[in-house]
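Chains as they are written, first to last, in this note's numbering: chain A, 1 to 402; chain B, 1 to 402.
Hints are not guaranteed to be accurate.
A pair counts as met if it fits within one copy or between any two copies, since identical chains are not told apart.
For lysine to aspartate or glutamate, the following EDC-like pairs were computed, each having C-alpha atoms within a straight-line distance of at most 16 Å [to be verified]: (1) LYS132 - GLU107; (2) LYS73 - GLU89; (3) LYS111 - ASP5; (4) LYS138 - GLU158; (5) LYS111 - ASP10; (6) LYS132 - ASP265.
No wet-lab data here; the hints were simulated from the structure.
Remember, it's a predicted structure, so these values are computed and weren't measured experimentally.
2 protein chains.
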Amino acid sequence: MFNVDNFLHDEALPASAKWTGFPLYNFIGGHNDEDLIPIEKLEEASKKVILNHGHILGKYNYTGPLGYLPLRKFIIKKLLNGASMKCSEDEILVVSGSLQALDLVNETFLKQGDTVIIEEGSYGGVFSRLEKLGINIKGIPVEDDGMNINLLSECLEELKAINIVPRYVYTIPTIQNPTGTIMSKEKRIKLIELAKKYDVPIFEDDCYADLIWGEERPPSIRALDDSKRVIYCGSFSKSIAPGFRLGYLVADWPILSRVLPYKTDAGTGGLEQMVLSEFCENHFFDHLTKLNQKLKLKAITMCEALDKYFGNTVEYKKPIGGIYVWIKMPDGVDTSKLYNIALQEGVAINPGVEWSMDKKNKQKMRLCFANPTDKSIDEGVKKLAKVCKKEFGVPVSIANIN
Amino acid sequence: MFNVDNFLHDEALPASAKWTGFPLYNFIGGHNDEDLIPIEKLEEASKKVILNHGHILGKYNYTGPLGYLPLRKFIIKKLLNGASMKCSEDEILVVSGSLQALDLVNETFLKQGDTVIIEEGSYGGVFSRLEKLGINIKGIPVEDDGMNINLLSECLEELKAINIVPRYVYTIPTIQNPTGTIMSKEKRIKLIELAKKYDVPIFEDDCYADLIWGEERPPSIRALDDSKRVIYCGSFSKSIAPGFRLGYLVADWPILSRVLPYKTDAGTGGLEQMVLSEFCENHFFDHLTKLNQKLKLKAITMCEALDKYFGNTVEYKKPIGGIYVWIKMPDGVDTSKLYNIALQEGVAINPGVEWSMDKKNKQKMRLCFANPTDKSIDEGVKKLAKVCKKEFGVPVSIANIN
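Construct the entire structure; sequences and hints are all you get.
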């Protein structure tokens, strides 16, 4: 009988386990509120585009390899409105989710042994990608107003001293993942100045930028840069639905023309692009308002549950947008360990070490609140507190424990 | 100003040119007949799934990382019906087009310097992928009933003599691309025997297998193998629409569990999976019958045009399925050169060298006929003949030339 092990290289990724369903209390993943999927309006949009333009599906990339033109036109409008960024149709590449944007940029610019600079705490999928590629990662701590620019400056200087040019500075400046912070306009400008001084590209990931509650967001870094060095990506996964695998990569044509050849997937889903563009053209901003109202309430539910069941043993900053809260657990708690035992009780959390290059983040964890119901948030956090108390002795007392 | 060239490695792919639209006479690409996109039925399906199950879009991979369960169930039915292959839900991975299947299998099994065996003439995207990865390719000639098994045997023996185990034998056995041949059942069995003897996996690409006109197709190689060494892929791009980016990778769990970790795209398009599964459940086989009737007529149109304008200067085998015809041009014609000059006249062809590892295929070319109208096929082939005559002196005379 065939044995696959004989055909795998040493560096093969470990085997997947069989999927057994989502955990009952699912505080991980970028899932969205299922009640806020705009079903009726998506159906209307779908009907219109299929009946009027369905023949388009007969061709790969009907309006070119950069993606469906009406969707690119909407993205232009949206980026001007939200990120104060002007761009043209040829500067936008529709991708199959922003993860594809990460892969394309990495394929274009990175080679084993290269160095990149990223925020010390960042999206787990960024770490796993860079590690798989054998990239040296330099981490910059994040403050309440974004990346610590002085430490970034030092890092660039140190690398320069040993003749290393980082391939890019990657940042999630607007609702940073996992800290939830927004980089100030001042820091954005300083970041661009540094990038110019050391001649480094900036890779700006604005995936959560649509989910801001109330505050004015600063212009995107790409909008503030006049040296055409910023590669920007965004997504509809968080603003509409992750089931649509649609994101966008934005860059000036000299960059985009070097990234595009790596997109060898024969195009991003045509039906999803058509339906989404039709929906967005008419309802995007209204939908976003509704979604943000609900997410803000869910964040409150999550914070209340944390306060209720963990009391003052946990530290966190109240979210100002996004779908997660970044929590510092008490001394002695190892969230990787907590992850394993909580999962057995049906509670899934993101342990800090996966969202960070700093192993001291064993004390941290990320909890996502967009998908679970209010009831589920309350019950799940309660259960998590019980598990945590049993394993680590904290919190010492839990409200309303039977 | 930023200069991207400073950040690209030597092996970077050449820059993309800006897209300027499809050529007027487009005989390349796997595009489908636009009139046969089942618009009304897709709209019905879409309405039903969005209104009844639209909330599913709120989660990544709602029914697990292998893809939407109802679609996997349909694929099981379809593979049993068409390819005589039994499989279970855990043996099917829905992918974003079968090109993703190629990428995933390559990522899992291949490393620079590895060797694979493929048909000497094969899909251009396979060659470009393998070349990018730095893989040694051994080519096996294809006969009317499929791969030359004796030469395959010799190749395996030669590789063994120098201690090289090929990572897989890749084949498109059913409507081979570009030759349009079907590998006989006898050869499929012999291929499996060889693969067992030399302990090599087989990678069976059945992307065109739904498009057979009249003939009974043999069971898939995977259906005939009892040693669990066949990785199989297929696609809905050709049977429904390429605008749906949906294909499937089929393998026993010990293999699939090693491939799945490389699918880090957070899932294949949810809406497209839902709509397609609903459509297929009710209409797939009827639709296929209609599509094949039309494709068969278009193949006739293409052959008639070739005969009319090229006379007996070209050699080709009449298609028995699929969407292309593989043509041998007269001595002295270089189809790569023809490609460039024909394109300026609005006629796009696939030059043989891109579909082959054999440089003598300069004389060959592939013409696709599914997308262009009958009128366009006739006009385009006429124009191609004129261009060819002007450049290469053949055909000597062309019918109905004004």
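Tested hints:
no. : hint            : in the structure
1   : LYS132 - GLU107 : both (12 Å within a copy, 12 Å between copies)
2   : LYS73 - GLU89   : within (7 Å within a copy, 40 Å between copies)
3   : LYS111 - ASP5   : between (27 Å within a copy, 15 Å between copies)
4   : LYS138 - GLU158 : within (11 Å within a copy, 48 Å between copies)
5   : LYS111 - ASP10  : between (19 Å within a copy, 10 Å between copies)
6   : LYS132 - ASP265 : between (21 Å within a copy, 15 Å between copies)
The structure fails none of the hints (numbered hints given earlier).
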